Amino acid sequence: MNNLFFLGLLGSNKNEKNHSKVLLIISFVIGILGLVIIMRLIEISFPKEISNKSKVVLKQTIKEKNRGFLLDRNNRILASNIYIYNLKAYPKKIKDPDNIINLLSNEIDLQNNTTLIKKLSNKNKYEVLIKKNITAPQAKKINNKGIPGIEFVPVIKRFYPHKEITSHYVGHVNGKMIGQLGAERTFNNRLKLGENINLGIDIRLQYIVRDELEKARVKYNAKSATAIIANLNNGEILSLVSLPDFNPNQSINPMKNSYTNTATLNLYEMGSTFKMFTIAAAIEFSKINIETKFDASKPIKIANYKIKDYKPKNKILSTKEIFLNSSNIGSSLIALELGKDKLKNFYQQLGLLNKSNINLNEKTKPIIPFKWGKIETATLSYGHGLSISPIQMVEAASKLFNNNQTYTPQIHKKEKYNLKESKKFLSEKTINTMKKLMYENTIVGTAKKARLDGFNIGGKTATGEKAVNGKYDKTKLVSSFLAIFPIEKPKYISLVLFDEPFIDNIKNFRQGATGGITAAPVTADIFKRVFPILGITKNFNLDPGLFVNNKGELNLVSY
Amino acid sequence: MTKIVFLTFLFSSLLILLTFLNYKIEVIDSKIKDTEIINQKLEKELAFFKSEWEFISSPENISFLSNKYLNHKPTELIEFEDFVNLFLNQGRVNE
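Chains as they are written, first to last, in the working numbering: chain L, 6 to 564; chain P, 368 to 462.
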């Protein structure tokens with residue numbers, strides 16, 4: 006019995022042990038399961054973030070790879086990205102190099118077939134570059150032939166569909182897709198993030214302007230030519246042409262002349278267009294009006310410097326006649342009467358003494374006289390002694406005729422123009438007087454060749470002599486014409502400039518390639534074609550007689 | 368004990384559900400990635416065609432083609448009478 010009880014006790018001990026083992030196993034399993042659940046819960050809670058992160062990375066890589074497009078003001082593409090292909094071959098996989106080269110040369114132009122066959126026959130070479138820059142359709146055609154041992158490597162490339170037409174305005178990128186010139190450089194940071202940018206340019210206008218300017222440049226055998234059309238109210242540059250130009254799709258040599266943007270980088274002593282500024286300042290800041298008389302009967306002498314007119318009138322001239330006859334003597338007398346400080350301040354207000362505010366990186370500082378004395382005041386009144394870029398001339402004239410000191414030329418399209426941005430600095434009377442003088446100049450003045458029947462424009466011609474070895478060279482001229490239109494309510498401004506134009510038949514420079522003979526008629530040719538696009542219509546209501554009273558009597562000079 | 372077993376069962380079911388959802392998310396995610404890659408390719412092709420079209424329809428080419436095939440005359444400054452005649456199909460006044 007005792008033995009049985011003892012055995013019974015032994016059995017219950019064994020059961021307890023078994024129970025505790027089972028409990029241990031169950032708790033271990035539950036523990037493991039719990040751990041697995043927790044780990045899975047953690048794992049499940051993460052993938053979303055991970056996938057989101059991967060999406061962000063993917064989007065970033067997309068943005069990094071695809072540079073934004075440059076578009077014109079009507080959303081036409083000026084710069085885009087295309088994939089081109091480099092064709093490579095692997096000699097180890099090629100059995101018959103002659104046959105492969107023959108097949109390929111049926112589709113693409115190959116530089117040197119014999120050299121390529123030699124290279125492909127060399128089995129020690131891993132790969133051979135057969136041709137760069139193959140277009141997608143060509144690549145597809147070759148690919149369909151199923152040639153073994155060749156491969157197309159896609160490469161992204163910036164493409165400029167309008168080639169030379171937009172070269173200086175749009176600019177170009179380098180091999181690493183970094184903007185080097187023009188809008189590509191100005192908006193590089195935004196473009197590399199994938200943003201598309203609308204520029205102020207109108208490709209239709211740009212084509213017309215370049216077409217007419219190139220014809221004229223060849224005709225006048227000019228060293229370079231520049232043309233700008235800008236919105237006078239908001240500063241948008243609708244067209245900017247600098248000739249010679251280059252094709253940004255091809256390899257670029259920055260050392261060539263064609264690379265220089267003559268509109269923003271070249272500095273010229275502009276000449277008579279400065280008379281607009283001198284007379285405006287005189288009317289605004291002194292007692293001088295358009296009827297005030299000045300003695301232009303003989304050249305004036307300041308220190309050792311003699312100021313004379315190219316076609317002297319040898320009589321007393323009114324301010325108006327000084328402008329229409331483009332008299333240097335008269336202009337100097339006006340400036341001297343006005344005083345150097347007032348003239349200098351006015352030039353400063355117009356931005357003629359500083360760099361242009363245009364949002365292009367390619368621009369230069371003007372060359373201003375070291376000393377500003379009596380002689381400088383006189384010569385600067387007709388644009389000698391101060392070298393500025395064509396864009397500065399457009400900027401200064403826009404400030405004047407728009408009566409807005411904050412006017413800034415811009416290469417991008419402005420969605421809205423805020424009137425609050427403008428800062429008036431002249432009286433309406435001065436502006437209207439200047440408009441009248443400009444209009445009159447196209448009726449009876451030096452800018453007659455720019456006139457188009459029924460269209461009312463205002464303009465001023467200019468012819469500056471270039472300084473060579475410290476002396477003005479009468480055979481090397483800078484001829485230009487600045488216009489504002491329509492004159493009733495000016496909306497646009499244009500400048501056409503030729504650097505060293507030459508007219509075969511006329512040897513005497515005085516009657517030669519002046520602004521009135523070269524730039525003014527080219528401007529008219531451009532206007533004939535761009536006015537329908539700009540929506541400028543004929544207006545016969547404006548009677549020229551309102552402005553021009555003695556048109557038959559005015560004897561005009563070519564300057 | 369029953370509670371523990373019940374909770375384990377509940378958590379296991381939840382785990383299965385979450386695993387299933389996770390799998391679905393991964394499938395959708397990979398589909399999105401594939402679509403984005405296809406989209407990228409299509410965007411590239413579209414960019415190419417747009418660029419090609421821009422080149423073909425550039426003012427320079429249009430001018431060249433219209434000169435060659437349509438006996439094109441440069442744009443003339445239109446007058447009001449011409450505008451009215453466009454509607455009356457009478458052509459230009461000065462023609």
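Heads up, a few of these hints could be off.
[Claimed, not checked] To spell it out: a stretch of chain L is covered by chain P in this simulated footprint if at least three of its residues, at any positions, have a beta carbon under 8 Å from a beta carbon of chain P; those stretches are:
1. 36-47
2. 79-90
[Unchecked claim] Derived lysine to any residue pairs resembling SDA-like cross-links, with alpha carbons at most 25 Å apart:
3. Lys411(P) to Tyr88(L)
4. Lys220(L) to Phe431(P)
5. Lys428(L) to Lys220(L)
6. Lys411(P) to Gly180(L)
[What the hints assert, rightly or not] Per the computed footprint, the stretches of chain P lying under chain L, defined by three or more beta-carbons under 8 Å from a beta-carbon of chain L, are:
7. 371-379
8. 382-390
9. 421-435
Read the hints as simulated data drawn from the structure, not as lab findings.
For clarity, every value in this text was computed on a predicted model and none was experimentally measured.
Here a beta-carbon is modelled for each residue, glycine too, at the ideal position from N, C-alpha and C.
Now for the hints, and whether the structure bears them out:
Only when three residues or more bring their CB closer than 8 Å to a CB of chain P does the claim for the region 36-47 of chain L stand; here the count is 6, and the claim holds. With a threshold of 8 Å between beta carbons, the proposed coverage of the region 79-90 of chain L by chain P holds, since 6 of its residues qualify and at least three are required. About 7 Å separates the Cα atoms of lysine 411(P) and tyrosine 88(L), which keeps this hinted pair within 25 Å; it holds. Using a Cα cut-off of 25 Å, the hinted pair lysine 220(L) and phenylalanine 431(P) holds, with the two alpha carbons roughly 15 Å apart.
Between the alpha carbons of lysine 428(L) and lysine 220(L) the distance comes to roughly 40 Å, so the proposed pair goes past 25 Å and is violated. Among the hinted pairs, lysine 411(P) with glycine 180(L) is consistent with the structure: their alpha-carbon atoms are about 19 Å apart, no more than 25 Å. Here the region 371-379 of chain P counts 4 residues with a CB under 8 Å from a CB of chain L, which clears the bar of 3, and the coverage holds. Here the region 382-390 of chain P counts 5 residues with a CB under 8 Å from a CB of chain L, which clears the bar of 3, and the coverage holds.
Given as covered by chain L, the region 421-435 of chain P passes the check, having 6 residues with a CB less than 8 Å from a CB of that chain where 3 are the minimum.
Violated hint for the displayed structure: number 5, the only one.
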